[in-house]
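Asker: Kindly produce the complete structure, drawing on both the sequences and the hints.
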Amino acid sequence: MKRAAAVVLAAVRVMLVVLALGGVARADETKMVGVITKIDIAGQDAKVATATLRDVKTDKTVEITVHDDLTLDKFKDHRINEGDEIRCRYEVKKGKNVSTYFRKTAGC
Amino acid sequence: MPRPIAALLALTALTSLAGAPLARAEDAQQQKIDDLTKKVEALEQRVKKDEDKSLSHWLTIGGDYRFRIDSLGGSVPNYYQYTGPTSMPVAAPGFDPKNDTLMTNRFGLNLKAKATQDVSISARLLMYKVFGMETSAPVNAGFFADRMQTLDGTIGHVPIDNTLRVDQVYATWNNIGGQPIWFSVGRRPSTGGSPTHVRQNGDRPGNGGVPGLLVDYAFDGMTLGVAPEIDALPGAFGKICYGRGFEAGYGSGSNSLNDTEMLGFQLVPVDTDPLRIDFQYNRGFNIFDNPNAVGNQLGDMDWIGVGLLSTLKKVGPGNLTSFASGGLSMTHPNGNHALLAGAGSPDSGAGLLVNGPDTSGHTGWSVYAGLRYDLPTGTKIGAEYNHGSEFWMPFDPAADDMWTSKLGTRGNVYEAYLIQELPLQPISSFNAKTFVRLGYQYYDFTYTGSNNWVGAPVKISDLAASPMNAQMFAPLKSAHDIYATFEVKL
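From first to last, the protein sequence lines stand for chains U and D.
Quick note on my numbering: the first sequence kicks off at 1 and runs consecutively.
Quick note on my numbering: the second sequence kicks off at 1001 and runs consecutively.
To be clear, the hints were calculated from the coordinates, so they are not data collected in a lab.
Owing to the predicted nature of the structure, the values given are computational and were not obtained by experimental measurement.
Do not rely on the hints blindly, as some may be mistaken.
[Claimed, not checked] Some chain D residues judged to face chain U by a derived CB distance under 10 Å, without partners named: (1) Ser1120; (2) Ser1122; (3) Asn1174; (4) Gly1178; (5) Gly1209; (6) Thr1272; (7) Asp1273; (8) Thr1359.
In this text, a Cβ means the ideal position worked out from N, Cα and C, and glycines have one as well.
Answerer: Put into structure tokens, the structure is as follows:
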């Protein structure tokens, strides 16, 4: 099992480095984890949607504007639904919280 | 006093006299508004509390039902039948096994319960049986190692009986330390992995699961994963997986068995609709000879795989899904031989893809590719092909194929299918659907021993050439399966 332990350690190191490189939000961004309470999207051709998230830590609700096609597709075909927990980053533009990262919390 | 001033004073006096009750009315009205606001807030709190306690807040129920009918046929050439370590093999004439109709019921119940913040339990209960039978005998016909008996990791994935069994149950701790890190432990979702979900009309894989080409087995184990937020790598994640395939128990002075274990590392640098890339490395330690009666352990194995999966929208009138996977398997035999029937039974003379005193390691390879075109009418047309080399040996015994796991075939397998979703409004969930599936599989075996890690493969065309090429299982040269299903997903 020594070789196995070495493989695990190497993999953990890779994961920690990747996490350190990727886990930092920009200064003008806010990060949150929240549960979707409402999704507003106007049909299959919509180019924008609004998701209301309830922050799991503060219980406050935040409206997030979503523009990116990958997330819009997931709204449209219900791969992301109300009740899903989301890890989100957003920045304020013209008074709106515009999503820069919107993804179901990871896990299995 | 001038008259206008006197009039103004008189008006002011009158106004103040009249204003007093007006102000009192305004105060009362404000009080009412304040009271109402408090009541609404209290009501909101109560509604929220009720919502938080409601089943739908913490429990998700899903599942599926499948009726399937298969029509199976095959061809066994002349060969020599192994009859034991001390007796000569006997010549066996070829024959054509056939089953016109084999019907099965499969029912799955999925539960996901949020227990506390960041911790949930997921479970899948599964019943899978043959029409008219309460045993697995009709599908354990003696041709392939993965269908000779029901294993711990195939239970519920090959038809057995009408018992609803725990196919999966695991607890997941998400958002560890506020980071996108998770730990998950239990009976794993290590079956039906990407891209085998495409032909099953299943959901696209998330962070769970394993590459279908390398592993399809219900493991008890655990995972530690991370999904970093890297803008240039959307959907990226990596995880370390561990599974135990055999527990040796307390042992005694005469027990030399070790636990059989699997360690894996998966890296998915991109996971989007247009492109998903996965890399997987696994190592299996102390591979058992027969998982239901372990007599000996034959050595270690390594697996490496890479997979690409893509869904492109609006390619013509519909969407196009395509995939390609490649894999390598490498054996490290330890010189031990499988015993014929567990501890103390005779030596079979066969080791980890080797025979006799040979302790050579062997590398096998495989490719798996497919396409599916989805029309707006709910019609999905797909085709798949896979090829495995002489020494290809994945860990796929729980695969959803009747003859044997097609991805473990040493030879070629061709499959074509048509799925028709019924235009019915979903009720139980947004993704509920009902569909029928028609398919055809053709197996063209080049070497013996598909999905069997015991003994050296023999070229099918050499089977009758020498008693030295004797086989324990009747070797199929070719096989086909015409199948149809009626499936409901909740």
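Asker: With reference to the structure, classify each hint as holding or not holding.
Answerer: Verification of the supplied hints:
1. Ser1120: Given a least distance of 8 Å, the restraint on D:Ser1120 holds.
2. Ser1122: Where the cut-off is 10 Å and the nearest Cβ of chain U is about 8 Å from D:Ser1122, the hint holds.
3. Asn1174: At 4 Å from the nearest chain U Cβ, D:Asn1174 passes the 10 Å test, so the hint holds.
4. Gly1178: holds (8 Å)
5. Gly1209: For D:Gly1209, the interface hint holds, since the closest Cβ of chain U sits about 7 Å away, which is under 10 Å.
6. Thr1272: D:Thr1272 check passes; min Cβ-Cβ to chain U is 6 Å, inside 10 Å.
7. Asp1273: Since chain U brings a Cβ to about 6 Å from D:Asp1273, closer than 10 Å, the hint holds.
8. Thr1359: With a closest approach of 19 Å, the D:Thr1359 hint is violated.
In summary, the structure is inconsistent with hint 8 from the numbered list given earlier, while agreeing with all the others.
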